[in-house]
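Taking the hints into account, I'd like the entire structure generated from these sequences.
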Amino acid sequence: MKRKKKSNSKRKTTSYSKLNLFQKPGIKFFRPCPLSGKNAPVIDYKNVKVLKKYISESGRILPARITSVSEKKQKKLSKAIKNARLLALL
Amino acid sequence: MNCYEHTLIAKQDLSESQNKKLIDKYEDIINKNLGKVLKTEKWGLRNLAYKIKNNRKGFYLHIKFEGVGKTVEELEGAENIDEILLRFLTVKVKKHDLDTNYFEKKDDYKP
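Same order as they appear, the protein sequences are chains A and B. Just so you know, we're using the working numbering here: the first sequence kicks off at 648 and counts up by one. Just so you know, we're using the working numbering here: the second sequence kicks off at 189 and counts up by one.
Incorrect hints may have been included.
Computed cross-link-like contacts, DSBU-like style, restricted to lysine-lysine with a CA-CA straight-line distance of at most 35 Å [to be verified]:
| hint | chain 1 | residue 1 | chain 2 | residue 2 |
| --- | --- | --- | --- | --- |
| 1 | A | LYS726 | B | LYS245 |
| 2 | B | LYS220 | A | LYS723 |
| 3 | B | LYS220 | B | LYS230 |
These are computed hints drawn from the structure, not numbers from a lab.
Next comes the structure, spelled out in structure tokens:
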């Protein structure tokens, strides 16, 4: 199963999908939001496993431009992380 | 009626009878003040991510209930006075998710 998924993602990638040193300015490389769509993990302050992926080693929230989370989900995510911090889960 | 999720952290050095009293006390408060307890989850003793009032561990309790604004007011009012508690959090949710318990598996692995 895992192999199939990988091959699929490779087909989808375009020439701009990877960060290129000689990339033209102004062209965004597109990555779909990992938290929306089908089978996406639930954003919740109790779901510590998911939240840990979106904080840095020192515990700060990663910006959406790095994780490519959509704007709507990023708002939910930051709220969930802050709630989890309050309960000393993160 | 609104749906609420409530989590509270108590000090670690409590006996089991004290824990039961704690649960009964706050469930009573909810039930008396126009609320209805749907589910209570014991997350058990967990390590805190950081020290709270010089405690490294805490006893977690999670209550899912329905109620009105007054229910939450009374509940938090009683908790503010309680010295056993370290912290609490109330979150309003649109719909209750009664099936998944994110902290159940960890307890099974420990013993």
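So, going through the hints one by one against the coordinates:
For the given pair, A/LYS726 sits about 24 Å from B/LYS245 by alpha-carbon distance, which is consistent with the 35 Å threshold. With a CA separation close to 33 Å, the supplied pair B/LYS220 and A/LYS723 stays within the 35 Å bound. Of the pairs offered as hints, the one joining B/LYS220 and B/LYS230 holds, with about 22 Å between alpha carbons and a cut-off of 35 Å not exceeded.
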